[in-house]
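K.L.:
All chains should be modelled from the sequences, with the hints used to inform the complete structure.
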Amino acid sequence: MSATSLSKDFVSSCLTGVADPVRGKDLVSSGALQWVSACDTYASIRLHLPANAGRAVFDQVAQLSHAKLSQIAQRNGSRVDSFIVEFVDDAGTVLHTARFGGMVASASNEPRGSASGSDSSPVSRSDRPEAGPTGASGSPAASGHTPIPGLQPANRPAGAGLPGVKHIIAVGAGKGGVGKSSIALNLAVGLARKGHAVGLLDGDIYGPSMPTMLGLAPLEQAVLHGKLQPFYIHGIKAITIGKLVDADRPLIWRGPMAHGAFKQLTEQTQWGELDYLIIDLPPGTGDIALTMAQSLALTGAVVVCTPQKVALDDAIRAARMFQQLNIEVLGVVENMSSFVGDDGKVYDIFGKGGAEVMAQRLGVPFLGSVPITMSLRANSDNGDPTANFTGADPAGTRLKSALEALVQNLESQIALGAMRSGREKPVLTIS
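If you use the working numbering, the sequence shown corresponds to residues 1 to 431, in order.
Treat the hints as calculated values from the structure; they're not laboratory data. Incorrect hints may have been included.
[Unchecked claim] Distance windows between CB atoms, simulated: (1) G363 / P163: 43 to 53 Å; (2) Q294 / D26: 21 to 31 Å; (3) R317 / L416: 16 to 26 Å; (4) D275 / E220: 24 to 34 Å; (5) V310 / P21: 50 to 60 Å; (6) Q71 / K8: 13 to 23 Å; (7) L325 / A56: 24 to 34 Å; (8) G351 / T16: 50 to 60 Å.
[To be verified] For lysine-lysine, the following DSSO-like pairs were computed, each having C-alpha atoms within a straight-line distance of at most 27 Å: (9) K175 / K309; (10) K175 / K400; (11) K309 / K227; (12) K400 / K194; (13) K166 / K227; (14) K68 / K25; (15) K8 / K25; (16) K175 / K352; (17) K352 / K400; (18) K194 / K166; (19) K309 / K345.
Note that the structure is a prediction, hence the values are computed from the model and not measured. Don't be surprised by glycine CBs; every beta carbon is placed ideally from N, CA and C.
P.N.:
Pasting the structure below:
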């Protein structure tokens, strides 16, 4: 092991020195240890203990595990900046989570933060945010990662909704470059234009594009009473990791860091009352999607793809992932279905109709096709998504109609899903 990094094998070996209070062996040989993740000075483990063991036992095991890991790591010239212990039952449901320490970012992905000063001040750059104190679950240090000093960690049960948020919609894609973020943003703005209270979470923590597409460059992130304050712009509330890190620095994050960053953006933002929260996911089927499925009660997901086969193959995998995670696929969107010139002439650059065929094959709704236009590109670069709904030339009119139909279809699928699940009942109006 190097002087600064932890490994899965190292963490597992340390836990052979911690007793399983139920089975009478150590945590490894008893089979209690189910999963280990380690990256740099961050580690996470998942332990299976009976639900009736109780929180006191969970906390004691977590404390002993953290103490043993820290002790041996220090002896080997390393350290443990963050340690997460999840306790699960036979079905894999998270019963309790204990967190120790905070997140200390490297120079390549250093969060912006202010370790002192008023909560109401904008978040400013800090040379090295400090890790929180070590403690058991229930203490400030144990209730969540603290990559952004000044925030009060949330303590919510797994799979819970967000207070005041009626519908949470994930927007995902099997591969990058299909315009997923553009669809997520235009869905949010379109829903807001219909009178809904809408939030947009830029969950693409590896390549956040919302600062550009929303025009957030001149604005500073603020923290008030330990909560991130979303930007209110273009009629929606928006939050993005892109306003918490330097714009030109890559986010070289894996496992525990990505997991913690996403949960913090989700749970430690002051969303207020929302009809819809749109989450723009990273492309693919990795850690963030799994974290989201485990930590949030989603209304459903939207899958974005382009018409060509290479994109459709990956989109099928994304849809299957949501289905395996018991997240309803509300529908498929075919983005860049055609190019519409300013004169209104249509060019099927990537083919056409492939996403609709895919939706039929999967047995999920097809929400609609969205063309690419010169104005759509310009509006995205200029941070003015509202202009996508006000175009008057042939291309702009076609784009506006496509986006409005997409929003209407999504609303319909959400309403149908709510009736199927029993959350809402149909209303008959007689006039």
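K.L.:
If a hint holds in the structure, say so; if it doesn't, say that too.
P.N.:
Comparing the hints with the structure gives:
A C-beta distance of roughly 34 Å is found between G363 and P163, which places it outside the suggested range of 43 to 53 Å. Taking 21 to 31 Å as the suggested C-beta distance range, the pair Q294 and D26 conforms, at roughly 27 Å. In this structure the hint that R317 and L416 lie 16 to 26 Å apart at CB holds, the actual value being about 25 Å. The beta-carbon spacing between D275 and E220, approximately 27 Å, falls within the hinted interval of 24 to 34 Å.
In this structure, V310 and P21 meet the distance hint of 50 to 60 Å, their C-beta atoms being roughly 52 Å apart. Roughly 18 Å separates the CB atoms of Q71 and K8, a value that falls within the hinted 13 to 23 Å. Remark: the range hint 24 to 34 Å for L325 to A56 is upheld by a beta-carbon distance near 32 Å. One distance hint, 50 to 60 Å for the beta-carbon pair G351 and T16, holds here, with the actual separation near 56 Å.
Using a Cα cut-off of 27 Å, the hinted pair K175 and K309 holds, with the two alpha carbons roughly 12 Å apart. Of the pairs offered as hints, the one joining K175 and K400 holds, with about 26 Å between alpha carbons and a cut-off of 27 Å not exceeded. For the proposed pair K309 and K227, the alpha carbon gap of about 43 Å is over 27 Å, so the pair is violated. Between K400 and K194, the direct Cα distance comes to roughly 14 Å. Compliance with the 27 Å bound is thereby established for this hinted pair.
Using a Cα cut-off of 27 Å, the hinted pair K166 and K227 holds, with the two alpha carbons roughly 20 Å apart. Distance check on the hinted pair: K68 and K25 sit about 16 Å apart at the alpha-carbon level, within 27 Å; holds. Taking the CA atoms of K8 and K25, the gap is about 20 Å. The hint holds against a cut of 27 Å. Note on K175 and K352: the hinted pairing holds, with a Cα-Cα distance of about 18 Å set against a maximum of 27 Å.
As the CA atoms of K352 and K400 are separated by approximately 19 Å, the hinted pair is consistent with the 27 Å bound. A distance of roughly 16 Å separates the Cα atoms of K194 and K166; the hinted pair therefore holds under the 27 Å criterion. Straight-line distance between C-alpha atoms of K309 and K345 comes to about 24 Å, which keeps the hinted pair within the 27 Å bound.
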